[in-house]
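Enquirer: Each protein sequence line maps, in turn, to chains W and S.
Per my numbering, numbering through the first sequence is continuous, rising by one, with the last residue being 589.
Per my numbering, numbering through the second sequence is continuous, rising by one, with the last residue being 566.
The hints are simulated quantities; they were obtained by calculation from the structure and are not laboratory data.
Check before you lean on any hint, since a few could be wrong.
Subject to a maximum C-alpha distance of 20 Å in a straight line, what follows is the list of computed DMTMM-like cross-link-like pairs (lysine to aspartate or glutamate) [stated by the list, open to error]:
(1) W:K108 / S:E211
(2) S:K282 / W:E143
(3) S:K182 / W:E128
(4) S:K182 / W:E131
Listed below, chain by chain, are the residues.
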Amino acid sequence: MKQKKEKKGFSLLMKWSGKNKYYIYISVLLALLSSVCSIVPYLVFYKLIDAAAYGNQDVGYVVHLALILIVFTAVRVTCNALASLSSHKGAYNTLYTVRCMVTDHMAKMPMGALNERSLGEIKCVMNENIEKLELFLAHNLPELILYLSGPIIMFVWLFTIHHKLALLSILPLLFVIVVMVVMFARFFKFMDRINAASSGLSGTVSEYANGMRLIKAYNMSVRSFRKYSDAIEGQFSMWSDISKATGPLYAIYVVLLECGILFLVPAGGWLFVNGHITAGVLLLFAFIGTQYLTDIRPLQELSNNLSFALNGVNRVKEILDVPVFEGGREFPKNHDISVKNVGFSYDGKTKVLENVNLEIGEGEQVAVVGASGEGKTTLVQLIARFYDVNEGCISIGGVDVKDIKYEELLKNISVIFQNAFLTRGTIYENIAMGKKATLDEVRNAAKAAQIDDFIMGLPEGYETKVGNFGGRFSGGQKQRICIARAILKDAPILILDEATSAADPENQVEIDKAIANLCKGKTVIIVAHRLGITTLCDRIAVVEKNTVTDVLPHKELVAKNEYFRKSWEDYVAAREIRYTVKGGECCER
Amino acid sequence: MNDKVFRPGKRLKFAITGVVLEGLISGCNFMVLFKVLELIFGENISFEDIKRATLILGIIFALRLVLYAVSYTESQIGGADVSKGLRVTLGDKLRRIPLGAFTKQRVGYYINAATSEVGDFEQILTHKLADIIKYCTLVVLLSGYAAYLNIYVGLIMFASLVMLIPAMKLSVRQVKKFGTAKNLAREENVSAITEYLTGSQTLRSYGLAGEKNTALRSSMKLFSNISYEYERAVLPIGFAFMFLVYLGAAASICVSADAMIRGALSAPGLIVIVMLSLFSCKVDATLYISMVAYRNLLISKGKIAGILREDEEKEASGKYAPERFDISFRDVSFAYEKGQTVLDHVNFDIPENKITAIVGESGSGKSTIFNLLSKYYEPDAGNILIGGERLSETNAERVLKDISLVDQDVFLFNDTIKNNLLFAAPDSTDEEIYDACRKAHCDFVERMSEGIDTVVGENGNKLSGGERQRLSVARAILRKSSIVLLDEATSSLDIENELLVKKAVLNLLKAGKTVVMIAHTLPIIQSADQILVLSDGKIAESGTHAELMGKNGKYAAMWQASLQVK
Numbered sequence: 001m002k003q004k005k006e007k008k009g010f011s012l013l014m015k016w017s018g019k020n021k022y023y024i025y026i027s028v029l030l031a032l033l034s035s036v037c038s039i040v041p042y043l044v045f046y047k048l049i050d051a052a053a054y055g056n057q058d059v060g061y062v063v064h065l066a067l068i069l070i071v072f073t074a075v076r077v078t079c080n081a082l083a084s085l086s087s088h089k090g091a092y093n094t095l096y097t098v099r100c101m102v103t104d105h106m107a108k109m110p111m112g113a114l115n116e117r118s119l120g121e122i123k124c125v126m127n128e129n130i131e132k133l134e135l136f137l138a139h140n141l142p143e144l145i146l147y148l149s150g151p152i153i154m155f156v157w158l159f160t161i162h163h164k165l166a167l168l169s170i171l172p173l174l175f176v177i178v179v180m181v182v183m184f185a186r187f188f189k190f191m192d193r194i195n196a197a198s199s200g201l202s203g204t205v206s207e208y209a210n211g212m213r214l215i216k217a218y219n220m221s222v223r224s225f226r227k228y229s230d231a232i233e234g235q236f237s238m239w240s241d242i243s244k245a246t247g248p249l250y251a252i253y254v255v256l257l258e259c260g261i262l263f264l265v266p267a268g269g270w271l272f273v274n275g276h277i278t279a280g281v282l283l284l285f286a287f288i289g290t291q292y293l294t295d296i297r298p299l300q301e302l303s304n305n306l307s308f309a310l311n312g313v314n315r316v317k318e319i320l321d322v323p324v325f326e327g328g329r330e331f332p333k334n335h336d337i338s339v340k341n342v343g344f345s346y347d348g349k350t351k352v353l354e355n356v357n358l359e360i361g362e363g364e365q366v367a368v369v370g371a372s373g374e375g376k377t378t379l380v381q382l383i384a385r386f387y388d389v390n391e392g393c394i395s396i397g398g399v400d401v402k403d404i405k406y407e408e409l410l411k412n413i414s415v416i417f418q419n420a421f422l423t424r425g426t427i428y429e430n431i432a433m434g435k436k437a438t439l440d441e442v443r444n445a446a447k448a449a450q451i452d453d454f455i456m457g458l459p460e461g462y463e464t465k466v467g468n469f470g471g472r473f474s475g476g477q478k479q480r481i482c483i484a485r486a487i488l489k490d491a492p493i494l495i496l497d498e499a500t501s502a503a504d505p506e507n508q509v510e511i512d513k514a515i516a517n518l519c520k521g522k523t524v525i526i527v528a529h530r531l532g533i534t535t536l537c538d539r540i541a542v543v544e545k546n547t548v549t550d551v552l553p554h555k556e557l558v559a560k561n562e563y564f565r566k567s568w569e570d571y572v573a574a575r576e577i578r579y580t581v582k583g584g585e586c587c588e589r
Numbered sequence: 001m002n003d004k005v006f007r008p009g010k011r012l013k014f015a016i017t018g019v020v021l022e023g024l025i026s027g028c029n030f031m032v033l034f035k036v037l038e039l040i041f042g043e044n045i046s047f048e049d050i051k052r053a054t055l056i057l058g059i060i061f062a063l064r065l066v067l068y069a070v071s072y073t074e075s076q077i078g079g080a081d082v083s084k085g086l087r088v089t090l091g092d093k094l095r096r097i098p099l100g101a102f103t104k105q106r107v108g109y110y111i112n113a114a115t116s117e118v119g120d121f122e123q124i125l126t127h128k129l130a131d132i133i134k135y136c137t138l139v140v141l142l143s144g145y146a147a148y149l150n151i152y153v154g155l156i157m158f159a160s161l162v163m164l165i166p167a168m169k170l171s172v173r174q175v176k177k178f179g180t181a182k183n184l185a186r187e188e189n190v191s192a193i194t195e196y197l198t199g200s201q202t203l204r205s206y207g208l209a210g211e212k213n214t215a216l217r218s219s220m221k222l223f224s225n226i227s228y229e230y231e232r233a234v235l236p237i238g239f240a241f242m243f244l245v246y247l248g249a250a251a252s253i254c255v256s257a258d259a260m261i262r263g264a265l266s267a268p269g270l271i272v273i274v275m276l277s278l279f280s281c282k283v284d285a286t287l288y289i290s291m292v293a294y295r296n297l298l299i300s301k302g303k304i305a306g307i308l309r310e311d312e313e314k315e316a317s318g319k320y321a322p323e324r325f326d327i328s329f330r331d332v333s334f335a336y337e338k339g340q341t342v343l344d345h346v347n348f349d350i351p352e353n354k355i356t357a358i359v360g361e362s363g364s365g366k367s368t369i370f371n372l373l374s375k376y377y378e379p380d381a382g383n384i385l386i387g388g389e390r391l392s393e394t395n396a397e398r399v400l401k402d403i404s405l406v407d408q409d410v411f412l413f414n415d416t417i418k419n420n421l422l423f424a425a426p427d428s429t430d431e432e433i434y435d436a437c438r439k440a441h442c443d444f445v446e447r448m449s450e451g452i453d454t455v456v457g458e459n460g461n462k463l464s465g466g467e468r469q470r471l472s473v474a475r476a477i478l479r480k481s482s483i484v485l486l487d488e489a490t491s492s493l494d495i496e497n498e499l500l501v502k503k504a505v506l507n508l509l510k511a512g513k514t515v516v517m518i519a520h521t522l523p524i525i526q527s528a529d530q531i532l533v534l535s536d537g538k539i540a541e542s543g544t545h546a547e548l549m550g551k552n553g554k555y556a557a558m559w560q561a562s563l564q565v566k
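Construct all of the structure, not just a fragment, from the sequences and the given hints.
Expert: Encoded structure:
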């Protein structure tokens, strides 16, 4: 891939579209053909004038011309229709191909590249930017050809009839370009104001609607409404200023395109009176020579869409340019985890982790604790190679994680994070997750995850469709289905974000049991938020000051580590608070 | 609903008239050229005539230039004016829609309507409407003129215009038929993509990513195919219409040639007729395109009108001025969706200035009680009373005046910390604000370089979850309202925030108001004055911790289970 010269913009899009580009090319070709046909009505008109002017009274000739008109119109309309169908076919296929490319590439990206922010961007690209390419490929591209080639072909034809008059007929373009330049210059002066006002408007509208409950609670509806209407008034006054500055220019642009009549009539008339041209030529230029330029009018709007399309292509390219992990060895048999002198930074400037050392034996359960933002999540993510470390080395069973096949690595590590993800398929599918498992196997996993009873209680049991995002289940139920899935997957290494269990405090007991069953016999790393769970772990690693300071069993850690001791005391204190109407009992230290 | 807001104002009407007039004046060019034509065929044309014609064309041109410049600009301003009116009307409407409607998804819909849908509707008015009127008038006038020269040609031209009606009808039918399938496929595609992205990490680790995810693949392929089928069903109509229109032009040519030979039409007449026919073909094609666009933009109008038609909160006329702040639910039933009862004839009393805790399984309707108390929704049956006064006698704003809500969903305005707190109690001094911050353990405020004058960003995005939560407690402390609704959810909190938030709440409770709290864990409410146990839409048990433990029922079982939690 790298040897080839890197393609950009339109040619890159064509490369992506694969053989669908031929649909696009055919559509462009047909559009050109239709353009050629579009001069036929004028040709017929020209011939008719000549016939009339020279007293040709042959009905047959006129019918002949009418037939030509019909045939060529038929050809033109058919070409247009086929061009449109072909371009749509090509466009929709291309959209599909590009979407597949993005999702395929996502399947190879480092897991860390699939974080919430970048997924938000990819979503926008998948649904909006790629969809906009349709407008460009199916409509704008053939239209561009039509609008440009139509007048050009017309000009060429007129040029063959009379050079000088033809040249005169494009004189309006000169004026129009000047007007356009002035118009855009004026418009760009408003750019800052437009950006400020439109983000101001959407910000205010969004705050107004989102905050409505609070607005009513605080009796602010009159005041908030005034703020809202002020923002709208601001938007209005900006647009009326812009309209005043550029509106007349746009109107002049539109009318000026037709100003050719003012030179063509006197010039043609003079030539005719002096016998240089026939009546047919004069009338041709007077009627048609003054009109054909107006076809380029929509081009001004097309330029906008073109930049949208290019932007879309660039954004897709950004995703496809994210490097992927390839190659490597099988997953090692031994599952000791070793983190040696590891340093990491997301942006290459701010160190998140520095000189981290941590050894986890096979079958050991280690909790990771630390204040938010200290990098405890980053640390466990590095073990599953969400990102590559900048310094040091992380190895499993003595093998650097960078040398293990990425797919294998992911298959052998179960990662359970806060947001329980369910597909829209059945519960069975959600637990089996592509694995060929019998219903009994699935049920056993569900039993271990304390969710079998609940599932069996549903009218359709394991065949119940989860529906969009499992809106029907409570956080804890979803969580336990995810745990059942992980139990069935049976990966030897388990990385668990314990905040998961807080999703549904009413069902804490069941979730705790499910997690305990999941962890049996595995090498486990738990990011602990609820410190109670740390008492169940073999050892606890404290992440503070961008490194791991202590790795000790609970009792020893409380004695040795200042941060942990304080956190533990706070945790116990928080649990001892009892609310009463006088403020509460006990534990205020 | 009042349809008036959608109508163009005076300014826009004036502008549209101007645009139409300009179009008609441009038609005068043909008359001048026709005169020239007659002179040519009369074979006594001189350059003087040409000069005169040019002068008239020049005058027409100047007139058009001025008229179009003025009316185009006015139409832009007039369109923006309609947008303004619509947005203000929408904003005013939003204040009157019951608060229950303001769910996350619905709010997004409202925002979109007030911003982009209004913008799309403006497009109809500023671009499409004037064009459609102008072109229709032009074709009618031209066919009238053509009819004067030859009746058949005039009829053909007029018929071509009228053909727009069946063409549009057919196109609407096809759009309806195939558009529904396309929209379904699009929604499915968006859901499938969203699902794939949301779960991408999970799907990856189960080897279900990329081409292995057949569900996503087939949904994308289906959307692609159905989109094409839609175009294939809709596109030919326009082209067929165009072809028929040109067929009419060809017929006109033959008819008028025949008339000329019979001597019923002069040669210049023939040329003008051919000219007009070809010109009106072009205009008809443009009209079709404009009308399709017009119809598409009407969808925006439908969405806006839909919001303006939504039910409003009932205007309450009754007296509501509670002097005590005990709360009663009398036989209250409620369902968000018909048939799925959440509360089923619920009765309970919450004493004034005491703490009442509500416990129960997730989904048992705990937060519904809050939603009804805040008048986000109206109960389907029964009465809710505060201090013996019925909530149904008044509106949400009045009820909420006495209530502070502290939950996970903290909304902050993009303003300073001070103003965010002042909204709750406008008369507070800086000293009182700092005091409330201290009580709510908002120590971070004093660490900020600008203190309480720090701006919090859009919905407070410059603060952490715990900080936002403590600010909302500070708000409630400052507000001193008679009722406090507290949803004690610590799930989103990290270790360092949990204790701080709880301590903040302790200070809020010290004011000794009527407190209703939803408890997700039991120990914290062990000393509450009353505990309501909610189950299957009913109050299963109520009493103090000791009383409930004595009953050895549902609560006791929950308590036993909670002891196992580490």
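Enquirer: Hint compliance check: list the failing hint numbers for this structure, sorted ascending.
Expert: No numbers; nothing is violated.
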